[in-house]
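Colleague: Taken in order, these protein sequences are the chains called A, R, P and S.
FYI, the numbering used here numbers position 90 of the first sequence as 90, with every residue one higher than the one before it.
FYI, the numbering used here numbers position 126 of the second sequence as 126, with every residue one higher than the one before it.
FYI, the numbering used here numbers position 57 of the third sequence as 57, with every residue one higher than the one before it.
FYI, the numbering used here numbers position 26 of the fourth sequence as 26, with every residue one higher than the one before it.
Hints listed in this document are in silico derivations from the structure and should not be mistaken for laboratory results.
Misleading hints may appear alongside valid ones.
Covered stretches of chain A (chain R as the covering partner; in silico rule of three or more C-beta atoms under 8 Å from a C-beta of chain R) [as the list claims (entries may be wrong)]:
#1 8 to 22
#2 27 to 34
#3 93 to 106
Every beta carbon over 12 Å from chain P, so not counted as near; a handful from chain R, in silico [stated by the list, open to error]:
#4 Ala2
#5 Glu8
#6 Pro10
#7 Ala15
#8 Arg17
#9 Ala18
#10 Ala43
#11 Cys68
#12 Asp84
#13 Ile87
#14 Asp102
#15 Ala106
#16 Arg126
#17 Ala128
Note that the coordinates shown come from a computational prediction; the quantities given were computed from them, not determined experimentally.
Even for Gly, the Cβ is constructed at its ideal location relative to N, Cα and C.
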Amino acid sequence: MARFRLSEIPFDVAALRAELLDARVGGYASFEGWVRDHNDGRAVTGLRYEAYAAMAEAEGERILDEACSRFDILDARCVHRTGDLAIGELAVWVGVSAAHRDAAFAACRFVIDEVKSRVPIWKHERYAEGDAGWLHPSD
Amino acid sequence: MARFRLSEIPFDVAALRAELLDARVGGYASFEGWVRDHNDGRAVTGLRYEAYAAMAEAEGERILDEACSRFDILDARCVHRTGDLAIGELAVWVGVSAAHRDAAFAACRFVIDEVKSRVPIWKHERYAEGDAGWLHPSD
Amino acid sequence: MSAHVTVLYFASLRDFAEVESESFDTQAPDLRVLYLELRARHGFPLPVERLRVAVDGAFARWEDAPRDGSEIAFIPPVSGG
Amino acid sequence: MSAHVTVLYFASLRDFAEVESESFDTQAPDLRVLYLELRARHGFPLPVERLRVAVDGAFARWEDAPRDGSEIAFIPPVSGG
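Chain A on its own, in the form it takes in the complex:
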């Protein structure tokens, strides 16, 4: 089963979390990114994520494979939304299971950082002033 997935529709965190739990798990760390109502001091009314889907899935899978080999964890998963999202909607979820919390936290942080820097997904924000634009961070 793929560890990384794109989802065009809202997805259920409880079901994803349940897939990670087994008797060996002592620590589960997760991160969720939600659409917030502001960014860089501007009021945001909603946004859209666009992905280069085939490559995003392959690159996301590589990141989760790297997490599993670099850290002493049991499993790691990530789901990223695409399409139109409203304020308060879930944009990305990362879940990591491990015997101990150190590895769970470190791997969870690694996955979200790598996803944000390497996976070809772009955010298009709509602002309260009526304009909109793609985010292409300088770093």
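Chain A is already provided as a structure; the job is to place chains R, P and S on it using the hints.
Modeller: Chains R, P and S only, in chain A's frame:
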């Protein structure tokens, strides 16, 4: 409302998470401790958590207050089970909401570390060999 | 100088004391001496260096004198989480 | 030496190109020159230094030659998460 709670019965993470989400939240980090089937190389069949309840609640609340003042977060919560737990049961949950992920991760880690070192809760493990004992870690 | 105190026992201390709590008058000058007296009576294996002490639900200092009417807990190393 | 390639455009590049993809023959010696040609044609504001390039779904090097039949994507700075 109390940010830290003890629970004698299994509790629902989804409901707790939902309490933390609002339009300002960009990042949500959580940690869960689950009862695993081994500890220090020994097969574990189940465990019991005992708390000095009044003090645990007060100390837990202090930890969450400290997290809210030390880190740039929106809110933080923690629930810790007491009583008998089977393998795979949820023992502790920490949830932190923030505008950005750095603070969410740092505060989540701070809370679980402080809870484990300061809150008067003790674990009593039952082993597959039939014996049992209190865990009083040396550090 | 005598103080009436209630002492709470948790985890391994309770297993040795065989009670959850006990109330009594003590002449101990401070909480350290009180623990040492109780350790001798109940056979607690944990030395005072591995414990913390709390009075009325907040951490206290070993050199504090037992306060009349207070609730004292000797806190073995915790293992929550 | 001519190579038939398909170029995919995403995010702000697509807004400028006004198409999702285009297929054509190119004589560009490498992917950097190919981008510079397309930048001139479509008016892309992003300089090559801010992009990465992918061929057939994997990151590639700017000095690679366009392969006949390949799918090329110029990847603007990503902003997922």
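Colleague: Each of the hints needs a verdict: does it hold here or not?
Modeller: Hint-by-hint comparison with the structure:
For the stretch 8 to 22 of chain A, the stated coverage by chain R holds: 5 residues have a C-beta nearer than 8 Å to a C-beta of that chain, and at least 3 were required. Under the rule that three or more residues need a Cβ within less than 8 Å of chain R, the assignment of the stretch 27 to 34 of chain A holds, with 8 such residues. Residues of the stretch 93 to 106 of chain A lying with their CB closer than 8 Å to a CB of chain R number 4, which satisfies the three-residue condition for coverage. Distance to chain P confirms Ala2 (chain R) as a non-interface residue, since its nearest Cβ pair spans about 15 Å, more than 12 Å.
Residue placement check: Glu8 (chain R) keeps its beta carbon more than 12 Å from all beta carbons of chain P (closest about 14 Å). Every C-beta of chain P lies more than 12 Å from that of Pro10 (chain R), the closest at about 17 Å, which supports listing it as non-interface. For Ala15 (chain R), the requirement that its beta carbon stay farther than 12 Å from each beta carbon of chain P is met, with the minimum near 21 Å. Consistency note on Arg17 (chain R): stated as away from chain P, and its beta-carbon is indeed over 12 Å from all of that chain's, at 19 Å minimum.
The beta carbon of Ala18 (chain R) sits about 23 Å from the closest Cβ of chain P, which is more than 12 Å, so the claim that it is off the interface holds. Consistency note on Ala43 (chain R): stated as away from chain P, and its beta-carbon is indeed over 12 Å from all of that chain's, at 18 Å minimum. Chain P leaves Cys68 (chain R) outside its interface by the beta-carbon criterion, the shortest separation being 20 Å against a cut-off of 12 Å. Distance to chain P confirms Asp84 (chain R) as a non-interface residue, since its nearest Cβ pair spans about 15 Å, more than 12 Å.
Against the 12 Å criterion, Ile87 (chain R) stays outside the reach of chain P, whose nearest CB is about 17 Å from its own CB. Every C-beta of chain P lies more than 12 Å from that of Asp102 (chain R), the closest at about 23 Å, which supports listing it as non-interface. Against chain P, the non-interface label of Ala106 (chain R) holds: every CB pair exceeds 12 Å, the least being about 17 Å. Against chain P, the non-interface label of Arg126 (chain R) holds: every CB pair exceeds 12 Å, the least being about 14 Å.
No beta-carbon of chain P comes within 12 Å of the beta-carbon of Ala128 (chain R); the shortest separation is about 19 Å.
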